[in-house]
Amino acid sequence: MTTKRFFIGFLLVSFVLAGVVSHYASGDPDGLEKVAADKGISAKEKDHSLKDSPFGDYGVKGIENTRLSGGLSGVIGVGAVLLVGGALFWGVRRRGPHRDAAGEQDERTERAPSEPARKG
Amino acid sequence: MHVPDGFIDAPVSIAAGAVAVAGVGIALRGARRELDDRTAPLAGLTAAFVFAAQMLNFPVASGTSGHLLGGTLAAILVGPYTGILCVSVVLLLQALLFADGGLTALGVNITTMALVTVVVGYGLFRLLLRVLPRTKASVSAASFAAAVVSVPAAAVAFTAIYAVGGTADVSIAKVATAMIGVHVLIGIGEALITAVTVSSVLAVRPDLVHGARGLMKPPELRTAAARNAGTEPTRV
Chain A
79 MTTKRFFIGF LLVSFVLAGV VSHYASGDPD GLEKVAADKG ISAKEKDHSL
129 KDSPFGDYGV KGIENTRLSG GLSGVIGVGA VLLVGGALFW GVRRRGPHRD
179 AAGEQDERTE RAPSEPARKG
Chain B
1200 MHVPDGFIDA PVSIAAGAVA VAGVGIALRG ARRELDDRTA PLAGLTAAFV
1250 FAAQMLNFPV ASGTSGHLLG GTLAAILVGP YTGILCVSVV LLLQALLFAD
1300 GGLTALGVNI TTMALVTVVV GYGLFRLLLR VLPRTKASVS AASFAAAVVS
1350 VPAAAVAFTA IYAVGGTADV SIAKVATAMI GVHVLIGIGE ALITAVTVSS
1400 VLAVRPDLVH GARGLMKPPE LRTAAARNAG TEPTRV
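Chain order of the listed sequences is A and B.
Read left to right, the first sequence gives residues 79 to 198 (the numbering used here).
Read left to right, the second sequence gives residues 1200 to 1435 (the numbering used here).
Please keep in mind that the hints were generated in silico from the structure rather than gathered at the bench.
Check the hints yourself; a few may be wrong.
[Unchecked claim] When the alpha-carbon atoms are kept at most 30 Å apart in a straight line, the in silico DSSO-like pairs for lysine-lysine are as follows: (1) B:K1335 x A:K82; (2) A:K117 x B:K1373; (3) A:K139 x A:K122; (4) A:K139 x A:K124; (5) A:K122 x B:K1373; (6) A:K124 x B:K1373; (7) A:K139 x A:K129; (8) A:K129 x A:K117.
Build out the structure end to end from the sequences listed, making use of the hints.
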């Protein structure tokens, strides 16, 4: 599979998951929400300061149909993460071609994430 | 496991924010070594996939659901430093665009869901690969085991933060038991999604999986020849 085709496929999967499959996700509280409610952690919970924003709580304001509203917010989210993440990673990257076979590079990238970054 | 505003008091939220800033700073420096012209787009796509998968809450017990955290998955696909950045970007946009996870709790959320999951998940993944045979099946199995453990690890981290800076007066022992119990179940879902995703990428493009790099080295002769010629070996 070519790299381009793989990337397009990977992106399509994300769009379908966020745009279509998300409608069938469980609406029950997640682990933390459930424990918080059961044990009283959430006694002093505050509303999110942006809860009335255009995409608050994974919907699009003004669209009544929940399938469309939720799906659209998912597609917008995938696009936004790709844009922001992509720009960040492209800016941070090492310039030049991909180096699979560089032994020195392999050794360095295999260091555990807890180790401090190398100076220099 | 997105912590909303008001669960954790201001001093501890600020301290967690400092930990998050330091962690993301280290990740930004380390990610330079992991990212190049080909892996940078893959990292963006991985972050987008983690966002999408986090929308898919699956039922774990009566009236309770869970979703992927994605730190272990991202670290195995694109490297630990970049993995931290992937999940951090997702958490930032969830808080800013979708009102998911409090703005004052962003430091707590990045600490538990980006830093802890990657350090624990990727660390365990590396340890397991050291003792397992160098095969694709080992990579999948190690992905599963690492992901299982990463979720309760994040729950433990939240509980520890809550023990120091929780705003409500509740028994920490009870919170710890409940948090770890439910997140072990969620960890199984995390592990299934992680292992299936890693295995799928391994099946079509094993060379793109950061965590499988050691397995995919080209044969010694060709590498040496390519090095002597000063060019890259052709991928098959």
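Results of checking the hints against the structure:
Only pairs whose Cα atoms come within 30 Å are accepted, and B:K1335 paired with A:K82 is accepted, the gap being roughly 23 Å. Between A:K117 and B:K1373, the direct Cα distance comes to roughly 8 Å. Compliance with the 30 Å bound is thereby established for this hinted pair. Of the supplied pair hints, the one linking A:K139 and A:K122 holds, its CA atoms being roughly 27 Å apart against a limit of 30 Å. Using a Cα cut-off of 30 Å, the hinted pair A:K139 and A:K124 holds, with the two alpha carbons roughly 21 Å apart.
A threshold of 30 Å between alpha carbons decides the hint, and for A:K122 with B:K1373 the separation of about 18 Å falls inside it, so the pair holds. At roughly 23 Å between alpha-carbon atoms, A:K124 and B:K1373 fall within 30 Å of each other, so this suggested pair holds. The suggested pairing of A:K139 with A:K129 holds, with an alpha-carbon distance near 11 Å, which does not exceed 30 Å. A threshold of 30 Å between alpha carbons decides the hint, and for A:K129 with A:K117 the separation of about 24 Å falls inside it, so the pair holds.
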